[in-house]
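Number of protein chains: 2
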Amino acid sequence: MNLRLYNARILPFDTADARIIAGELWVKGDRIALVGDPNGAEPPAFDREIDCRGNLLLPGFKNAHTHSAMTFLRSFADDKPLHQWLHEDCFPMEAHLTERDVYDLTQLAVLEYVSGGITAAFDMYKFVEKIAECAIDCGFRIVLCGAINDYGGTKQSLRAEHDAVNGKHPLVSHKLGFHAEYTTSEALLRDVADLAHEYREPVFTHISETAAEVEDCISRTGKSPVAYLDSLDLFRYGGGGFHLVFPMQGDIEIMKARNLYVCTNAGSNVKLSSGIAPIETYYEAGVPVAIGTDGAASNNCLDFFREMFLVSGLQKLTVGAAAADAIKVLHSACSTGAKMMGLDDCDCLAVGKQADLIMLDLHMPNMQPLNNIAKNVVYSGSKANVALTMVAGKILYERGTYAIGVDPEAVYARANEIIARIRKAEGR
Amino acid sequence: MNLRLYNARILPFDTADARIIAGELWVKGDRIALVGDPNGAEPPAFDREIDCRGNLLLPGFKNAHTHSAMTFLRSFADDKPLHQWLHEDCFPMEAHLTERDVYDLTQLAVLEYVSGGITAAFDMYKFVEKIAECAIDCGFRIVLCGAINDYGGTKQSLRAEHDAVNGKHPLVSHKLGFHAEYTTSEALLRDVADLAHEYREPVFTHISETAAEVEDCISRTGKSPVAYLDSLDLFRYGGGGFHLVFPMQGDIEIMKARNLYVCTNAGSNVKLSSGIAPIETYYEAGVPVAIGTDGAASNNCLDFFREMFLVSGLQKLTVGAAAADAIKVLHSACSTGAKMMGLDDCDCLAVGKQADLIMLDLHMPNMQPLNNIAKNVVYSGSKANVALTMVAGKILYERGTYAIGVDPEAVYARANEIIARIRKAEGR
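Chains as they are written, first to last, in our numbering: chain A, 1 to 428; chain B, 1 to 428.
Same shape as in the complex, but just chain A (with noise of 0.2 Å):
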């Protein structure tokens, strides 16, 4: 399919400012043929011509962090603190889930995700092939990530899902990942290290999302959860941590020392009352910060225009009024989630990268008047503002039509009856 895209203002973030043109987007397949002003150049054979109405384009959000089939619990396991949440609630309802029911789960995550703007996810779950099914099928871009852990899986499960799910398709790809320090053996994460080592790959996993998490680590190992992971090596090739709301003296160098990302979760530390993530503190050290909802368990729905103004609101609050600005926020979500994940391809609107965009539909009045559109969308914006969701050139979500194979009722009704069968099967 190739698409015209005109009259549009294009928010490119093809640099970290947020420069708006005017002009047109044109794709050719799964990519983007040309930005801006078309200055005579020979347009291809367009399958649709969009008039835009002067919306917004920009790349969709990068969501570098979720369980996106938690959705099953999401208004069932609230008003708990992690550790109780996460062994009353969520460890015995997840026993009772199965391949398939991962797999229509993470359809429901899909249409939440492509309706809220989000054209990629980087998914921590168990059934990782049938995730990555899920995506191919609903032409939507998954990362997988290694939840390897002391409940299950081993060097060679992780080598065997690793080898697996890269290379099936241009929309999945898998990075190597356990699922935290608390929960892993030190054998285990040396066995991950020498994957990484004998991979060149960057490793992913939980890192000090809560302070009680912290310092068991430090009364286990003396040293910090960072600290810690990086004296196994297990950062050799980079890779990043999800959550890390208490960074402790050393662990920003050491960050910066082996290009770790962080990917921040502000709605699931709100809720589940872990703390506030030092963003702004990352911001200046420069440590690349992306964005992410977690599941849909603790947060509990995946929208990123909450997230932005959550992470930009909690930074103002305990910095200061002019900490974390939408732009940087903006440019986390858009852009720095997707090298997080090692989507290179798909971060900025510019030719030949991916066309992985959305269309926010500013003739709405939380968008108006029309003073910064940047931070109307951080400070302002909803969900209710996406009128179109692309990925890989393909649109998968329209103003409220979805086009992921599947019809959304019949997710929603499967859902109802996943939830339904394991709480009779628990007996709650």
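Please note that a few of the clues may not be correct.
Listed next, the stretches of chain B that the computed footprint assigns to chain A, with coverage defined by at least 3 CB atoms under 8 Å from CB atoms of chain A [said to hold, decoys possible]:
#1 125–139
#2 238–245
#3 300–311
#4 357–367
#5 411–421
The hints are simulated quantities; they were obtained by calculation from the structure and are not laboratory data.
Just so it is clear, CB atoms sit at the ideal spot from N, CA and C, and this is done for glycine as well.
Dock chain B against chain A, hints included.
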């Protein structure tokens, strides 16, 4: 108009729990004629019957503190703390506003309110009669709040606007009020108290929004703002405070003795780096809590979904994960706000009450599965879920279409004209 909304889920909030019933809701003129099971009741002749498809009807959100016409400063005055924001951006820009500007900018806010499920606003701004006229023309419900202070307004002007608005039209009313303790001389405060005693009316104002304001009041008067204002006998007939981020020792006892309401404005307090109001403490003490967006110059959107998540989440962050649960917060949003504003007929869905209600679309991915619908609304909802907004029996918004008597595009154009004119006048 008589309307039948059938095949609905209904969260009536006629009690403080979030009981949801199945059934239908009849509207006769501006009032509710039936809720739940018709049980053989004789239906009136309906002008329209709407199949709700299992979607949720609930009382509309009551925006209990806002400055509607500040929409012109959206994304213009950002990333600054309150004092600097007010004196550098708000005051000089606002000085240029005409009565016509305020009418037009209030229209823009009303578009945003109804698209986000807000059915009434407690509006503090200049030119109150013009705002009342706008509300009546739009069919929207506005309670005006007096805002006199040392820079404008007298006992006479406050009396005049109170008398002019009250009784003018069922959609508008006026409450006595002043801007804030720190902008209003003791002589003028005593004038407001005199009026309150004469009319036997409550009084509303900004109170204890920032730590600096509280410290300054204590150093000048030896009392906290709450105690100081109470010492002037302003609250003999009740009233309430907007913000109340920093109550001092003894303040809550005064608030309870005087039947004061708190209206919290979490988004604004976050963005201006003011602080987190102790909402869970208010809930526990039995102080009634309403919710407001504040103006678009600080927040920057007028979005109750964002507000509700912030009100809940910030308490979870500071008090614990169980604090300020979804049901309490939703009750504050739908019901307590109405009571604070004196809208006793708009607090719940029951026979004889005003038909001020909204329909939320549950057939959307962020509302599935239906583990707990009220929690879905607060923890996962967005204005994209608002399918219908009705005020006084009239549908003002329905799935992207507005019926407030004006073309939204004309409102957007006027808002852009106004800010362009004022920027030019101010040379910025």
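Hints and how they fare:
no.	hint	result
1	125–139	violated (count 0)
2	238–245	violated (count 0)
3	300–311	holds (count 8)
4	357–367	holds (count 4)
5	411–421	holds (count 6)
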